[in-house]
Amino acid sequence: MPQAVYILFGALFTVCTAIALGTILLRKRAVTLERDEYLLFSFVTGSALLSTLVFLLCTIGLARKGVFLVLGLMAIAIGYRYRVLPVRKKSAPTLAHRIFLLLYTIFGVVYFLHAMAPEISPDGITYHLGIVRRYNEWHGFRQIATSMYANLSQGMEMLFLFAFAFGRHSAAALVHFAFLMTLPLLMLGYARRFQLGAAGITGALLVFLSPVVGIDGASAYNDVAVACVLFALFYLLQITDQRRALLIPIGLLAGFSYALKYTAGLAIPYVLAKAGRKSAIVLLCATAIVTPWLIKNIVYAQNPVAPFANALFPNPYMKTDFEREYARDMRDFNGVQYSQVPLEVTTRGQLLGGLLGPMFLLLPLSLLSLRYPAGRQLLLAALLFTFPFALNTGTRFLIPSLPFWALALGLAFRNAPSAALAIVLIHAFASWPNGIKKYANPYVWNIEKISFRPALRLVPEEKFLTENSRGYILARMIEAQVPPGKRVFAFSSITGEAYTSREILVSFQAALNRTLRNILWTPIFQQYQAGHVLEFRFPSKALQKVRVVQTAPSGTDIWTISEFRVLSAGRELQRESTWRLRANPNPWDVQMAFDNSPVTRWSAAEPLHAGMFIEANLARTRIIDVVRLECSRDQYQVRLTLEIMNNTGHWTPIAGEPAESEAKPLAGLRKAAVQELKRNNVDYILVDDQDYGAADFRNRTAEWGLQLIDEKAGVRLYKAE
Amino acid sequence: MKLAAVLALALFATACVGIQDTYAPPEQRKPLSVEEPMPLKAFIKMNEPGAPTQFLKDISQDLQGGAWRWTQQHPTMIFSIPATKGIKFSTDFTIAELTFAQTGPLTVSVAINGHLLDKTTYSRFGSQHLEKPVPESWLHANSENTVAMEIDKLWIAPNDKATFGIILTNAGFIR
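Residue numbers (my numbering), protein chains in the order written: chain R, 1 to 721; chain H, 722 to 896.
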């Protein structure tokens with residue numbers, strides 16, 4: 001059967017199953033809605049249910065195509081019995097409706113063709129579907145300790161998994177496309193129900209035609225789904241006449257918001273505040289959707305909200321320094337200042353990874369909608385759901401709040417239909433692929449070509465992907481050169497992980513990956529090398545426990561120790577298996593200070609505070625007179641003191657200030673670094689020509705103990721010898 | 722709100738898993754030798770063991786005939802020289818008869834640290850020797866000096882479309 005059929009089946013079957021589950025829920029709750037509303041809300045609430053069901057199947061290892069098929073068919077069969085076909089009110093379509101229909105259809109076809117084409121979106125082929133691919137292979141969850149993305153809530157990925165089992169990558173993208181098509185209809189439905197006139201059409205088209213919404217919604221992402229669910233939630237909250245019947249769907253959607261994206265979890269307090277005295281039912285329903293994700297993270301990451309709040313839930317997989325660095329990078333996306341944001345997100349688009357369209361420069365006019373009660377509600381929600389943008393300043397992170405802003409703007413032009421029409425038409429032109437080229441940065445993320453041939457697989461998938469996706473080329477290089485079960489370390493996220501079964505450890509995505517990166521950087525960057533020796537010297541003393549304590553009250557440096565050596569009469573004590581080593585914080589890496597390797601370091605993994613320590617229990621009383629620390633230079637704020645445990649079991653300082661000296665340079669650091677990677681079951685290293693230190697790998701391949709085994713698209717794949 | 726607080730507390734309490742407190746020393750790595758890394762040379766023969774460490778680009782890792790290596794279009798190497806005065810760049814290479822038949826005359830240019838030193842068109846195949854003084858100001862003593870060669874045409878193998886430039890035997894700086 002043609003591949004396109006499988007893709008369409010996967011997507012349609014997922015959407016129909018969601019609609020069926022939603023229909024059952026809404027009918028059981030005796031919710032009364034308009035016919036169009038029924039279908040839309042069935043899909044959105046049913047998605048929350050389906051996502052949770054897939055989660056449960058993953059936990060018991062039954063995430064299989066056959067199980068999905070049975071589940072879907074059963075849901076559709078039951079849902080069909082509950083179908084509702086109330087009489088639709090007939091009214092002649094206005095000019096505004098005709099324009100909506102025309103633009104919705106034209107752009108809808110463009111988005112469909114893009115979603116149906118082989119998936120090449122940056123995040124889609126790296127982590128969204130990279131993780132889905134693994135779940136599909138494993139038929140459920142397993143611990144993925146080398147990617148923080150595996151710990152984010154994955155409500156959308158559960159829907160992707162359902163579709164992926166039948167139609168692979170494009171089927172997943174089409175599921176997101178279904179949310180994209182649903183969102184403007186929900187906005188229209190809301191405007192109709194609350195008699196906001198053409199404001200709904202203006203707002204819906206502003207969102208739907210927006211370039212970043214189009215490409216995001218037609219890719220295996222989740223931002224448009226978040227926007228759709230948040231808007232559906234807002235919509236339901238406004239239907240006050242049957243609030244009791246809606247409490248369960250509202251609670252489920254609030255929980256699903258969190259399941260889709262942590263930051264969308266803001267919907268939960270928002271809903272609880274709105275629900276008033278009925279909030280207990282809403283909370284219970286939300287908890288039913290949220291709790292599985294928290295438990296999964298407790299089991300696999302020892303942190304319910306991994307990869308965040310690591311200071312509160314210390315764990316070996318994600319560390320505080322990683323989290324701070326990640327949060328800073330997300331806040332400071334490409335170094336764009338807040339003053340640059342309006343133009344960047346509306347007309348330039350490249351630095352913040354997407355374009356809303358220049359018409360969104362009119363957004364301040366949305367304040368005119370404050371004169372309407374609906375306007376005030378919309379603007380409140382808009383402000384709330386814009387907040388996460390401050391933490392993650394990419395254009396697409398504005399999408400969840402966009403429907404609210406756009407409707408408020410539409411409402412501001414409620415009494416000026418000609419102006420609203422002009423705005424929509426200019427926006428349509430400015431959002432069309434050829435229109436974008438006339439004003440935006442040429443490298444902006446948007447749909448560039450409209451072609452049905454890749455969508456229908458008239459162009460072979462392999463050919464399309466090779467011509468359009470560097471990530472795919474690298475994934476196939478890895479698939480060809482790296483044996484199954486072997487792991488690859490990469491400095492940057494450049495591989496289309498959704499197209500390879502090999503595990504890729506991207507340097508910034510987990511604590512282990514970060515450690516490996518630092519090990520590889522040690523031979524290259526002198527600051528990382530253990531060139532600084534600190535010796536605590538004291539009269540010979542019989543003792544069993546010794547520790548070094550960091551005393552600087554605060555600082556931004558990260559305390560690290562490459563080697564912690566204990567000496568007696570000038571000779572180092574041999575480290576015995578009975579020794580017991582401790583560190584606080586980050587006890588998990590303490591062995592790195594006792595392994596005799598100049599390229600590994602124990603790191604406190606968080607900024608300085610007084611009381612951090614690293615301790616050696618020598619198991620029996622030994623005569624010692626020197627404790628030597630070999631450290632890197634990149635920690636100027638650190639202040640250390642040596643303490644020993646006295647006979648009464650108390651720690652007492654000894655030895656005063658340490659003597660400082662320079663260590664002799666060592667040969668063979670590169671080879672030692674690669675050997676450490678091998679110890680961590682990493683035999684392959686992927687180096688982009690743009691990566692720090694790439695030239696060193698290129699020029700000193702033999703010194704690293706590496707062998708260049710392939711090179712494609714400016715990226716070299718090395719094998720550890 | 723009370724319910725929310727209870728639920729949150731119950732859940733977060735489950736995250737308080739026991740953390741392993743102490744660890745034994747791991748496998749001890751062999752000590753590394755206290756030596757300076759292999760220094761860059763001023764002149765390399767292609768069959769020297771350390772030669773590939775001085776290749777930056779477009780020189781084959783495979784040694785042919787025990788003495789030479791194929792280049793691509795932009796063979797680039799780095800060298801270190803103790804002093805900059807009275808230095809000449811020298812290289813020996815061969816234009817293969819087979820490749821010449823397809824490419825015709827070849828123009829080979831040589832740039833030292835970004836300065837064009839020589840650009841010669843070779844209108845016959847066979848062994849070539851280039852030796853030319855390098856202005857002192859172009860060079861850095863005891864530091865990396867980049868030699869970038871450029872061949873204007875590549876030979877394309879008819880069977881597998883593999884490309885080849887010239888056959889390089891040695892290159893570097895001499896007095």
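These aren't lab readings, by the way, just hints derived from the structure by calculation.
All C-beta atoms, glycine included, are put in the ideal place defined by N, C-alpha and C.
Careful: at least some of the hints might be erroneous.
Chain H side only, calculated, beta carbon under 10 Å to chain R, not exhaustive [stated by the list, open to error]: (1) D742; (2) T743; (3) K751.
Dumping the calculated SDA-like pairs for lysine to any residue here, alpha-carbon to alpha-carbon at most 20 Å [unchecked claim]: (4) R:K719 / H:E748; (5) R:K545 / R:Q637; (6) H:K762 / R:A667; (7) H:K751 / R:L573; (8) H:K751 / R:K545; (9) H:K778 / R:A280; (10) H:K840 / H:G825; (11) R:K671 / H:E748; (12) R:K671 / R:G531; (13) R:K719 / H:K778; (14) R:K719 / H:D783; (15) R:K671 / R:E721.
Hint check:
1. D742: holds, 6 Å
2. T743: Holds: closest Cβ of chain R sits about 4 Å from T743 (chain H), inside 10 Å.
3. K751: Status holds, d = 8 Å.
4. R:K719 / H:E748: Given pair K719 (chain R), E748 (chain H) is violated - Cα atoms ~24 Å apart, limit 20 Å.
5. R:K545 / R:Q637: This hinted pair is violated, its Cα atoms lying about 26 Å apart.
6. H:K762 / R:A667: With Cα atoms ~17 Å apart, K762 (chain H) and A667 (chain R) stay inside 20 Å; holds.
7. H:K751 / R:L573: This hinted pair holds, its Cα atoms lying about 16 Å apart.
8. H:K751 / R:K545: At roughly 26 Å apart (the allowed maximum being 20 Å), K545 (chain R) and K751 (chain H) break the hint.
9. H:K778 / R:A280: violated, 67 Å
10. H:K840 / H:G825: holds, 16 Å
11. R:K671 / H:E748: holds, 17 Å
12. R:K671 / R:G531: Holds, because 18 Å separates the two Cα atoms, which is no more than 20 Å.
13. R:K719 / H:K778: Given pair K719 (chain R), K778 (chain H) holds - Cα atoms ~19 Å apart, limit 20 Å.
14. R:K719 / H:D783: holds, 17 Å
15. R:K671 / R:E721: holds, 10 Å
When the structure is compared with the earlier hints, violations turn up for hints 4, 5, 8 and 9 and for no others.
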